[in-house]
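Since the structure of chain A is already known, use the hints to place chain B on it.
Below are the chains, spelled out letter by letter.
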Amino acid sequence: MSSLDPHISRQLREDLAPAVLRSVVQTFERDLGRLAQEMLAAARAGDASGYQRAAHSIAGAASAVGAVALEREARLAMDPAQPEPPHILLPRLMREAQAAIAALKQMLG
Amino acid sequence: MRARVLLVEDTPTEAEIAKAHLAAFGHECRHAATVAEALRLAAEWPCDAVLIDLQLPDGTGFELMRALRAARHAAVLIVITVNASLDTAVEAMRGGAFDFIAKPYSRARLRVTLDNALETRRLRAELEEARAQLGRGSFFGFVGASPAMRAVYRTIESVAASKASVFITGESGTGKELAADAIHRASPRARGPFVALNCAAIPKDLLESEIFGHVRGAFTGATESRAGAAKQADGGTLFLDEIGEMPMEMQVKLLRFLQLGTFTPVGGTRTERVDVRIIAATNRDIRAEVEAGRFREDLFYRLYVVPLEMPPLRERGEDALLLARHFLELFSREEGKDFRDFDEAAAAAIAADPWPGNVRQLQNVIRNVVVLHEGPLVTRAMLPARLFQPPPREAQAREAPPPAPGQVEPLAVVEKKAILAALEHTGQDVPRAAALLDVNPSTIYRKLAAWKKAG
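Listed in order, the protein sequences are those of chains A and B.
Numbering-wise, the working numbering comes out as the position in the first sequence, counting from 1, plus 33.
Numbering-wise, the working numbering comes out as the position in the second sequence, counting from 1, plus 409.
Next up, chain A with everything else stripped away, as it sits in the complex (with noise of 0.2 Å):
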């Protein structure tokens, strides 16, 4: 299953100039690093708002690039009712994050 949703993918590409669009990904990836860090060091620190604040971020711009199984895990995160844990979670959000990353570079072409 993609990374991307393929709507999203093709609404981006007609929306913005290949040379936005770029900038729009470069800025993801730039986001992603920062927020994985957040949440990583909120886990640590046992700050749970601070964990799901960062997650609900990185849902949001996962969201607007249509990075759909990335934004899935995040939003797994936000959420104080879910039973997985961060050490669990996390690694697979990470997981998604690259995959999403590949898979926007890829569109780029």
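Relax, there's no trap hidden among the hints.
Chain B is faced by these chain A residues, among others (derived, beta-carbon under 10 Å):
id, residue
1, Ile41
2, Gln44
3, Arg63
4, Ser90
5, Ala94
6, Arg108
Once the Cα atoms are required to be at most 25 Å apart in a straight line, the calculated BS3-like pairs of lysine-lysine come out as:
id, chain 1, residue 1, chain 2, residue 2
7, B, Lys825, B, Lys856
8, B, Lys428, A, Lys138
9, B, Lys856, B, Lys826
10, B, Lys512, A, Lys138
11, B, Lys428, B, Lys512
12, B, Lys825, B, Lys862
Label pairs and their computed distance ranges (CB to CB):
id, chain 1, residue 1, chain 2, residue 2, range
13, B, Thr469, A, Gln59, 26 to 34 Å
14, A, Gly142, B, Gly435, 23 to 31 Å
15, B, Thr469, A, Arg125, 26 to 34 Å
16, A, Gln70, B, Arg600, 48 to 56 Å
17, A, Pro39, B, Asn525, 23 to 31 Å
18, B, Arg518, A, Pro39, 16 to 24 Å
19, B, Ala433, A, Gln139, 24 to 32 Å
Hint data in this document are derived by calculation from the structure and do not stem from the laboratory.
For every residue, glycine included, the Cβ atom is placed at its ideal position computed from N, Cα and C.
Only chain B this time, still in chain A's reference frame:
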């Protein structure tokens, strides 16, 4: 429509996409990532729309909306949310949002929502402006809700869009210049200059230079070239007040200017072309002036395309009191006084007076009251005694017996008395006093200057 849009979004990826869309729409965009930053930007950068992400680092989008509403910010608010549930939508609308957009959104969706919001905002602003004008009985600086003034407002609105010349008639003090200014401000030329020239206040031999300018050395004292009113009004409106006082030879030159749209500055050789809308005004009976041969018929027809008659204050019903209250508030503020209103007797006197000097006279009376007295109420005793006297009967005045031989005074004394009486009668309105005395206003100005010099 190019608009100013404040984007409130804390996730850089989303902000970058939204900014790219807004730039593509041609809108000017500023970006805030927090509630605090958004409030600061909204205060210093008046914007038309705010796009608000609900989840922000230092608060929620709902809190931001409440703060913007409390600050009476006029921008239209649009919520951008991941959670497009009914509850969120209801809460957003209750918070004052115009609409909400679910993430992720396409450029087309953002465009439709934003265009609708901006159009609604524009219409709302127009409606509020119209309501304000009707409700307060005011219009482009005019105060008054009488049927006579509403007719004036309608005419002004109708003629504003055209380039047709407007000829404003009416007694002195009825607001002819205000009407000319309103036509200009309501017209597509509103961004251009509005230049007013009082033909009666300028010596005859200087009038041509005042209107068309002069080149250096054109006459004694012309040490520099100077643009005249026609040139200064290029792209806007030229208001020629007291046009009935314009000398015949100048009328010919003005007619030529109106026919050709070109003029030659005094002493110059090059013709210049300007794009000017002409509005003329007079307190004289201009048709009688034409019949008497004092005003050119061809010029009259060039200028008298759209006539606008300004009603005298005595025909404006309750406007006198409305205006009096307006001036009382204005002058109280200017003079640092605490006047609030008129007592019953004062209000009745104001409403009943014929105000021969019209709004200008009323304005002078109220200014005088505010300067000389203390509030909070204007009483009957503060108003000039004339307001409580029955109007002089013209018939009696005409039938007054001639003075006895011993009472005959030198002509200069009689002349001074007559001029001062006319000025008193018109509330120190020189053009109207001149009209009553059937002399040129410049005659009165000259006399006043001479008396002042003589001490």
